[in-house]
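Protein chains in written order, with the numbering used here: chain B, 58 to 179; chain W, 10 to 442.
Hints are computed from structural coordinates only; laboratory data are not their basis. Check the hints yourself; a few may be wrong.
[Claimed, not checked] Coverage of chain B stretches by chain W, computed from C-beta distances (three or more under 8 Å per stretch; other residues unrestricted):
hint, region
1, 121-133
2, 159-166
[Unchecked claim] Quick partial rundown of chain W residues pointing at chain B, CB under 8 Å, derived from the structure:
hint, residue
3, Val155
4, Ile164
5, Gln228
6, Pro390
[Claimed, not checked] Estimated spans, in silico, between C-beta atoms of each pair:
hint, chain 1, residue 1, chain 2, residue 2, range
7, W, Glu246, B, Asp121, 49 to 55 Å
8, B, Arg117, W, Val198, 29 to 35 Å
9, B, Ala131, W, Gly97, 41 to 47 Å
10, W, Gln188, B, Asp121, 30 to 36 Å
11, B, Arg62, W, Gly94, 53 to 59 Å
12, W, Gln188, B, Arg127, 34 to 40 Å
13, B, Arg117, W, Gln188, 50 to 56 Å
14, W, Asp257, B, Asp121, 36 to 42 Å
Glycine is no exception: its CB is placed at the ideal position from the N, C-alpha and C atoms.
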Amino acid sequence: MSERRVLLIEDEPNIIEAIRFILARDGWRVDTHSDGQTAVVAVRDRAPDLVILDVMLPNRSGYDILQDLRSEDATKTLPILMLTARGQKKDRKLAEKLGVNRFMTKPFSNEEILATVRELVR
Amino acid sequence: MAQPVLAGTRIRDYRTAQGLRQVELARAVEISASYLNLIEHNRRRIGGALLLRLADALGADPSVLSEGAEAALATALDAAAVAHGEVGAERDRMEELASRFPGWARLIEAQYAQVRRLEQVVERMDDRLTHDPFLSASMHNVLSSVTGIRSASAILAKGDHIEPEWQARFHRNIYEDSQRLADATETLVNYLDGEGDISETGSLPQEDVETWLAANDWQFPALEADPSMTLDAILSEASDLHTPAARDLARRILTQYAVDAGKVPMTALHKALSTTNDPGPLAAQFGVDLPTMFRRLAAAAQSSLETELPFGLVGCDAAGTMIFRKPVPGFELPRYGGACPLWPLFRALQQPMMPLREHLTVSGRDDGTFDVYAVSEVSHPMGYDRPAVLKGWMLIRAAFNGVNEANAIPVGSNCRVCAKIDCPARREASVFE
């Protein structure tokens, strides 16, 4: 079985470090990217099995990135888990409308994020 | 009209509650018992001096017996019933409720008004959380720090073997995030303390300021005597101003008041008012613009005015939001939501510095007629290549002579409580539909 790869698009270094540690211990290869403007290109280049996408990123919103990814054939069905500090119903609805697979609000637990990643990439 | 029915019924209720016979009450108010009987059975309308005599004899507040108070109360009750249609309140018996149980009716009215106020507060706070960039960024900061701390501490607490290098890294991360969290929460608390614009009572700054202005009868004798005096002395005694935002608003109003008082001394204005009450000639006489004279007339002593009828005043910004409200009896100024779009106040915004004078009839309890002046002023504090700042002012007074009511323009207070169902300018459905 080939190595499963996650692309973590997040700009908070300490959150990146924690998620990377948790997933790496579970056997995932974790690549990271911190800039919203170039995130779509990063997904194309890295072709991960799953994307963890923060909403509030420098230069571009996670919603816009999600929309772009869903408009491309190669990433139309790519599992995407969104992380956000804003958990209002309207934020969740917007993400669902744009085609997110799972929407998780900060602060999340390590077990929660690990279980979700496992579930999205079986 | 339905209201006279209420007045007669209420008079009868008051009389019987006090064990008075018709003949006794009739004698006390110097009318015949048969005439009182007609009134009590709603076959004669009453008002004016007789209403006052009856109220006095019954120990009742004249406004409680009057038609206007009941109609206003009934309107408020109806608005509450419509807003909570799921309850199935008997709207057709609303007037009976207002008439028979005025205390309970006022309680419903007060509670509905309080609910509306609180809803406004919640909407405001929600809107602020959503759109205030500082609050949004601060909350993001707090939640990101908490997330980092939670994840790192959970990794360390789990008890699995972790390489010393990673242990040190997570310890450092927890320290950094906790430091950041402390800073973020402190900044947030300072911001909310300093900028909070909702008082503990839930009242908004403008409400606090209006309460304070009304308590001062819209006049500041100290500023009249010395327009250059420091405003702190007045503001320090203003216990109605609960928040920094309210005090800031009050300070701005006082600053304008002082400027106006310097241009139009009240003693001189009172003297001039014996000749004319028309703001146009008065503004020319004092060499000031109309908005200044409007504000001075709104602050003038009632006793100095012709027939002692006070002036009301409304000010609005270019978006139509009311920034100043001095009410006048019979011309209701909506507290929330937009006002009637037919008010000349808003037309004045379309033609800056061109004054308007109109007679308006206000649909409502008394169908009163009002003599209204409106004008807008424009300034360019941001420079002439930037948006101008526009303010509209409308001076309102009950019309008392020489008014051809047929030529008066019918207006309302706001669409929700306006009985002009077919009004082409209507913005939303009326509770009367």
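Results of checking the hints against the structure:
1. Here's how the region 121-133 of chain B fares: 0 of its residues keep a CB closer than 8 Å to some CB of chain W, so the rule of at least three is not met and the hint is violated.
2. Coverage of the region 159-166 of chain B by chain W holds in this model, with 4 residues showing a Cβ closer than 8 Å to a Cβ of that chain against a need of three.
3. The beta carbon of W:Val155 comes within 5 Å of a beta carbon in chain B, closer than 8 Å, and the hint placing it at the interface holds.
4. Because the closest C-beta pair between W:Ile164 and chain B is about 6 Å apart, less than 8 Å, the hint holds.
5. Using the Cβ-Cβ criterion of 8 Å, the hint placing W:Gln228 at the interface with chain B is not satisfied: the shortest such distance is roughly 47 Å.
6. Annotation: W:Pro390 was flagged as interfacial toward chain B, and the flag is violated, the nearest CB pair being 34 Å apart, outside 8 Å.
7. Taking the beta carbon of each, W:Glu246 and B:Asp121 are about 54 Å apart, inside 49 to 55 Å as hinted.
8. Taking the beta carbon of each, B:Arg117 and W:Val198 are about 31 Å apart, inside 29 to 35 Å as hinted.
9. A hinted range of 41 to 47 Å for the beta carbons of B:Ala131 and W:Gly97 is inconsistent with their spacing of about 57 Å.
10. Take W:Gln188 and B:Asp121: their Cβ atoms lie about 32 Å apart, and the range 30 to 36 Å holds.
11. At roughly 56 Å, the beta-carbon separation of B:Arg62 and W:Gly94 lies within the given 53 to 59 Å, and the hint holds.
12. Distance hint check: the CB atoms of W:Gln188 and B:Arg127 are about 39 Å apart, consistent with the given range 34 to 40 Å.
13. Evaluation of the 50 to 56 Å hint for B:Arg117 and W:Gln188 yields a failure: the beta carbon distance comes to about 29 Å.
14. As the Cβ distance of W:Asp257 to B:Asp121 is approximately 38 Å, the hint placing it in 36 to 42 Å holds.
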